[in-house]
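Engineer: Top line first, the protein sequences correspond to chains E and C. Numbering-wise (the working numbering), the first sequence opens with residue 1 and increments by one. Numbering-wise (the working numbering), the second sequence opens with residue 1001 and increments by one.
Mixed in with the good hints there might be a few duds.
Claimed, not checked - Which residues of chain C face chain E? A partial, calculated answer using Cβ under 8 Å:
1) Thr1005
2) Ala1031
3) Pro1039
4) Gln1041
5) Gly1042
6) Leu1045
7) Tyr1048
8) Gln1050
9) Ile1051
10) Phe1055
11) Gly1095
12) Asp1100
13) Gln1102
Claimed, not checked - Derived lysine-lysine pairs resembling BS3-like cross-links, with alpha carbons at most 30 Å apart:
14) Lys1009/C <-> Lys111/E
15) Lys70/E <-> Lys1083/C
16) Lys1057/C <-> Lys1071/C
17) Lys1009/C <-> Lys1083/C
18) Lys56/E <-> Lys70/E
19) Lys1083/C <-> Lys1014/C
20) Lys56/E <-> Lys26/E
21) Lys1009/C <-> Lys26/E
22) Lys1083/C <-> Lys1057/C
What the hints assert, rightly or not - Quick list of simulated restraints, FRET-style, between CB atoms:
23) Asn1018/C <-> Asp66/E: 40 to 48 Å
24) Tyr1010/C <-> Ala10/E: 22 to 30 Å
25) Ile1060/C <-> Gln9/E: 41 to 49 Å
26) Ser24/E <-> Gly1095/C: 25 to 33 Å
Just so you know, the hints here were simulated from the structure itself, not pulled from any lab data. Glycine included, C-beta positions come from ideal geometry on N, C-alpha and C.
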Amino acid sequence: SQQGEEDPQALSIQEGENATMNCSYKTSINNLQWYRQNSGRGLVHLILIRSNEREKHSGRLRVTLDTSKKSSSLLITASRAADTASYFCATVGSSNTGKLIFGQGTTLQVKP
Amino acid sequence: DGGITQSPKYLFRKEGQNVTLSCEQNLNHDAMYWYRQDPGQGLRLIYYSQIVNDFQKGDIAEGYSVSREKKESFPLTVTSAQKNPTAFYLCATMGVRSADTQYFGPGTRLTVL
């Protein structure tokens, strides 16, 4: 079942601007992850935030998690054309079965 | 994609034929997963295996079958019972030390004619 819903479905920005994507989920989680997918390729893990964390940084990426609202956001700062890709959030439930449940993704286009 | 290979990259089959997609890994990961991705959609879990000789159905297992005879290999068979098999299929692995992070192969695009 699809747990995550992502917003917006598509985003187009100019190089140098920031991009923000949001993810909402339905059940309690152990952690939430963000993945990136270039067109026609496999997914690449970007960052993981645990349920007891509120914010995490990795390079130009900033992830926030609000468990009370069951939502997360991914901010990419100073975007580059190479950031053009689809971005997916994925959650691991509290039962920790090792299963990821993916959202439907946000397609980001960064124009040079 | 390093450490996980999926073959072939593109696969064409006639309707009614079974087809097997390969997934091999050299990461020594215990868990392996098969996902299906349709255009503009997220990933849906077909089957997963957390240990050799054991596997569980995911959310959309009907019309698919798997085996896990070796740690390195987790082939997926798309049977003729799968009503709409044309899709992008992704294999992933997860190790004990990878903290729920999954590593993905490059995918196989299956087109049924």
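Engineer: Now, for every hint given, state plainly whether the structure supports it.
Structural biologist: Results for each hint:
no. : hint                              : in the structure
1   : Thr1005                           : violated (11 Å)
2   : Ala1031                           : holds (6 Å)
3   : Pro1039                           : violated (11 Å)
4   : Gln1041                           : holds (6 Å)
5   : Gly1042                           : holds (4 Å)
6   : Leu1045                           : holds (6 Å)
7   : Tyr1048                           : holds (7 Å)
8   : Gln1050                           : holds (6 Å)
9   : Ile1051                           : violated (11 Å)
10  : Phe1055                           : violated (12 Å)
11  : Gly1095                           : violated (11 Å)
12  : Asp1100                           : holds (5 Å)
13  : Gln1102                           : holds (6 Å)
14  : Lys1009/C <-> Lys111/E            : holds (29 Å)
15  : Lys70/E <-> Lys1083/C             : violated (35 Å)
16  : Lys1057/C <-> Lys1071/C           : holds (18 Å)
17  : Lys1009/C <-> Lys1083/C           : holds (22 Å)
18  : Lys56/E <-> Lys70/E               : holds (16 Å)
19  : Lys1083/C <-> Lys1014/C           : holds (13 Å)
20  : Lys56/E <-> Lys26/E               : holds (21 Å)
21  : Lys1009/C <-> Lys26/E             : violated (35 Å)
22  : Lys1083/C <-> Lys1057/C           : holds (17 Å)
23  : Asn1018/C <-> Asp66/E: 40 to 48 Å : holds (46 Å)
24  : Tyr1010/C <-> Ala10/E: 22 to 30 Å : holds (26 Å)
25  : Ile1060/C <-> Gln9/E: 41 to 49 Å  : violated (22 Å)
26  : Ser24/E <-> Gly1095/C: 25 to 33 Å : holds (29 Å)
Of the numbered hints given earlier, the model fails hints 1, 3, 9, 10, 11, 15, 21 and 25; all others are met.
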